Structures are given as C-alpha cells and as structure tokens.
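Visitor: Build out the structure end to end from the sequences listed, making use of the hints.
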Amino acid sequence: MSEPEKDHGTVVGEDPNRRDFIYIAAGAAAVGAVGVIAAPLVSQMNPAADTLAMASAEFDLGKVQEGMQVVIKWRGKPLFVRYRTPKEIKEAEDVKLSDLKDPQTDADRVKKGKEQYLILVGSCTHLGCVPTFGAGDFGGWFCPCHGSHYDTSGRIRKGPAPLNLAVPEYTYLSDTKVKIG
Amino acid sequence: MSDHPSTYEPKTGVEKWLDQRLPIVRLAYDSFVDYPTPRNLNYWWTFGGILSVCLMIQIITGIILVMHYVPHVDMAFNSVERIMRDVNYGWLIRYVHANGASMFFFAVFVHMFRGLYYGSYKAPREVLWILGCIIFFLMIATAFMGYVLPWGQMSFHGAVVITNLIGAIPVIGGPILTWLQGGFAVDQPTLNRFFSLHYLLPFVIAGVVILHIWALHVTGQNNPAGVEIKSKEDTVPFTPYATVKDGLGIILFLMLFSLFVFFMPNALGHADNYIPANPLVTPAHIVPEWYMLPFYAILRAVPDKFLGVVAMFGAIAVIFVLPWLDTSKVRSMRYRPVMRWFFVIFVVVCLGLGWCGGQLPDDMVFSIGTNSDGNPIGLNYVWLTRGLTFYYFAFFLIIMPWIGLKEDPLPVPASISEAILADHAKKKG
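Protein sequence lines correspond, in order, to chains A and B.
In this text, residue positions in the first sequence follow my numbering: the first is 578, and each later residue adds one.
In this text, residue positions in the second sequence follow my numbering: the first is 1491, and each later residue adds one.
Some clues are possibly wrong.
[To be verified] Looking from chain B toward chain A, a few residues come up when the C-beta cut is under 8 Å (computed):
| id | residue |
| --- | --- |
| 1 | VAL1650 |
| 2 | ASN1654 |
| 3 | THR1668 |
| 4 | PHE1674 |
| 5 | ASP1677 |
| 6 | PRO1679 |
| 7 | ARG1683 |
| 8 | PRO1766 |
| 9 | PRO1769 |
| 10 | VAL1771 |
| 11 | PRO1793 |
| 12 | PHE1832 |
[Said to hold, decoys possible] Now the stretches of chain A that chain B is said to cover, found in silico as 3 or more residues with beta-carbon under 8 Å:
| id | segment |
| --- | --- |
| 13 | 622–628 |
| 14 | 653–665 |
| 15 | 695–707 |
| 16 | 715–728 |
| 17 | 734–741 |
Hints are computed from structural coordinates only; laboratory data are not their basis.
Every value quoted in this text rests on a predicted model; they were computed, and no experiment measured them.
Even glycine gets a Cβ: it sits at the ideal position worked out from N, Cα and C.
Guide: Structure below.
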C-alpha cells in the first residue's frame, strides 16, 4: 500500500522534503513581513524629529535671590535654579558619602567657584512629580507625591526615590548667564 | 448551556428567510430569551447586566463628548469647560461620563467579589474568569487615559506618575517610557495618543465582553449553591425571569447613578482637576480616582521603586491565577464556614487599602504620644498599608490554598432544586 503511494508522490512532485522547504520558506517570509510592517508602526510612537530638536535655554542668574529658587520650563520639565545660602552649602558639603543612597559629593553637582548656584532637573526620580522647595527633613526639597526628601544639594536622603535630582548639562556664558542643554 | 437545543421557530417569512442565511435572531433568542438560567440566582447576579448598561452608557456619552473635545495641550481644558458651560446639555453628558466611570468600577468590584464568594472562577469557568480579569485590566487602562484628557492638574500629574511606573523597570524601562510618552516628558504627543487609545479601548472591552458571555454560555452560569445544573427543575427561562430581575437591578442602580450625576456630580472627583495642567507645580496631595486607590496604596507600601511597581501589578496578576490557587472542592462559600470569614476580612482589607491610598503616607492613623523630638508615635498609614497589603497577598497565596485543604465544608446540596426546597422548608419550619 505504501510503496505505490510513495512512487506516485515522487512522480507528481510531492517530495516531502520539497514541501517542508516551501512551508519553512513561506513561514519565514510571513514572519519577516510582519516584522517589517510592525517596525514603523511601533517606531512612530518614539519622539518625533521636532520633539528631539530640543532647544537649549539661557538663563540670567541675577534673577534669583539668595535663599530662593526660580523654576523655569526646560524640555517640558521644570528646572530648578537655586541660590544657596552659605549655611545650605556647608550642610551639603558636610554630609558623609556613606550616609547617601546615591553617593555623590556636593562639588560634583555644582561648578567650581559657583557653589551657590545649584541647577537641577525638578523631576523627582521616583515617579516624576515636582518636589516642593525648602520642605522635608533636610532643607532641600520634599516630593509631595510619595514622600521623598532631598537635601540642599538635591541628593536623595529619605523616601522611595532611588537617585539624586539630575544635574543637567550647562555652561556659564558669562559671570551671571548660563546656557542649559 | 451548550447542550441546550435551540427552540427558536421563525414565524414570519422574513424571519425564515433570514434564519437560513444568518441565524442572528436565533442566536439572540437562544441566548437571552429561552436560555436556561439557574432558578436560585440572587440579586448579586444582576451586576452582569448592570455592567453591560455601564459600558453602553460610557460608549454613547464618550462618542458625544468627542464631538466637542479638542485633544491639544492648550485647548483641552478649555474645550471641557466649554462642554460644561456652552454645549447644549454638555454638563449632563460629561457628568454622566465622568460619574459613569465610577459607577462602572463600583459595579465591577461587586461583580468580582460575588464571583469570589460563590467560587465562580472554579473549574470549568477558569477562562470565563480570566476574560473577566482582562476586562478589568482594560477598564483600568481606559479609565486612567480618560482621566488624563481634561488636562487638569490631577490629569497631568497622574499621567506623569503612572507613566513613570514603567520607567522603574531596570534597563529597558527608560526607553519604553520615552516611547510611551512620545517625548521626554508628558506633553502633546502623550495627550494625543491617550485620546486615541481611550477611544479604542472601550470597543476592545466590548469585544472581550462578547467572549466573556460566550464562555458563560458554554459552561452555564454559576449560582449561589455552587452546584451545576442537573435537570430541567433546576432552571427557569432567561426571559422573563432573569430579564425582569436584571431590569429591577438596573433601575435601582440607575437611581444611585442619578443621585451622583444630579446631586453630587463632583463628589468622587478632585477639585485640583479644575485647575489647568501646570508642569511646574505638582498638587500638594496627589491621589488617583477612588477606584485605583487600593492599588495605589500597595504601590506606596513598598519602599523600593521597582518592587513597588511589581507589587502593584502583582496585586492584579494574582487575580488571574486565582482558579489554580483555590484548593477547595466546594465552590460556594455558603458551604465553607471557615473561608467565608477570611472572605469578609478580605473585603474589609480592600476597603482599608482604598482608604489608606487616599491618605498621606506619614500621617498617623492614631498616635499614642510623642517622642523626644515632639513627633507623634503610633501607627502611621504606611505601616497600616503594609499590614493590609500583606493580608491581600496572603489571602490569595496562603489562605486560599491552605484553608481549602484544611477546612471541613458543610454538606453541599445534591442539586439546585434540592437547595431551594431545603431553604423553603427552613423558612416554614
């Protein structure tokens, strides 16, 4: 029974190996096609070219008074520019690195000779809320959403946030003018 | 039940003609008129019908709102205010839609607790239960994105917090977050896509609801006795019995609904959402809508960012696997004297988690004095939430499997009709 069938199959070109090849080739082509179609459909959700072309911001530090902060909008997020008092700077510098969750010295977070100006992305590293100025146990910021406390260097000291408030890239254009981004 | 033979007889020529081409009237007749329903269903079973009404109300009012709403960061807030002030009956349609979300969740929670109490997730209804869980998850996603659209303060900062949850995933979290937001912060691209998805998802929900009802009609309905239908004496036809009972449930539910829409339309909302979104200031007390509060509380109970997110999603994921966590041979908790008390505690715990989710974590539930710094000592909300979160997970992962093996259930009736006769005898005697 099986012999004639096999012969018959060979004659009309039903070689099982050739069939397997066709199945695999067709399947692979289908998977490839789905991938090629899916890629642009997924990728369109990423930031568009105009969103990526983020403007840098210039800021005149003369607008900030000692002991105060100014909040400006930068790349859709708040940016803190804080003019720290000598007491706040000393508090930030005196902290032992071993006490920190995300160890970083205060000197690494400001420009040398301009220790009074602290420039930070004002977005809590927990879930992105805007921390409140001057509140919390460490005199820096306190995030109202889930209770993260930051010190006067913007470093995380207590609460669920894993990292310090981010320091953006910035350069001094003149003695009182900075360019952020 | 699937083995129930069709009793539909087309009477008119048009019905006969259609029945041979697309038997849609037959399907409707067999599903909602002559469908055999357990005769002991109580009013907890009316919430399925109530939920269908909720979905329809949300879709109809939603489509109308889209005719007037503008999904743009500069115009969204004002377009919602315009709906409230200038559009004819706009206030009514928006209040129905906004309160409808709350009513929908209220009904779905009752529906889920009913399923939990009467063991409606147990074999052979696992797929039915999982489809319900999928609907619940889609509802959460839809409601969250809908809440963002008015672009008020709570909308904006809620969107910031919830999308940042994704960013907690190690390594890939950051790129996924940017992909989801369409930028480096919640902004116009985020609002636009949330609007698109908020319009889409209700129709996906409607699709899964059809699967849910299909699965329900394959296994047949569970009932308070938790025993399967065995004979014709156990059932009554869906119409008029279930239709009328569901109808009364729906009317009572719509009365509650109207109470909110007409007398306290903002009671379940938050005043801060009537302030236009400001990315530079987060509201001092940020809370999600009430129906998300238990899950929000679980998120905050865990001190680690990533593990908090894992716990929150785990709280929903554990509901999906419930059919395989319950080891009891008895379906209905009516005959499970020990488990029913753990169920009562579970309901209280869920309400407690919701309450904690709305409080500030470091505030005190009660204090028993003050320490040397003058700070109160006692139980704060974080620790209360941690206790409640522990019970929430223990209920599914420890109590469910363990009590199922240890408990001596009460005698289960042989059939639904026997259960009813026993009830009647008890009432008379």
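Visitor: Could you run down the list of hints and mark each one as holding or not?
Guide: So, going through the hints one by one against the coordinates:
1. VAL1650: holds (4 Å)
2. ASN1654: holds (4 Å)
3. THR1668: holds (6 Å)
4. PHE1674: holds (6 Å)
5. ASP1677: holds (5 Å)
6. PRO1679: At 7 Å from the nearest chain A Cβ, PRO1679 (chain B) passes the 8 Å test, so the hint holds.
7. ARG1683: Check passed: Cβ of ARG1683 (chain B) comes within 7 Å of chain A, closer than 8 Å.
8. PRO1766: violated (14 Å)
9. PRO1769: Because about 6 Å separates PRO1769 (chain B) from the closest Cβ in chain A, which is inside the 8 Å limit, the hint holds.
10. VAL1771: holds (6 Å)
11. PRO1793: holds (6 Å)
12. PHE1832: violated (31 Å)
13. 622–628: holds (count 5)
14. 653–665: holds (count 3)
15. 695–707: holds (count 7)
16. 715–728: As far as the segment 715–728 of chain A goes, the hint holds, because 5 residues have Cβ atoms under 8 Å from chain B.
17. 734–741: Three-residue rule met by the segment 734–741 of chain A, so holds; n is 3.
In terms of the numbered hints stated before, the structure departs from hints 8, 12, listed from lowest to highest.
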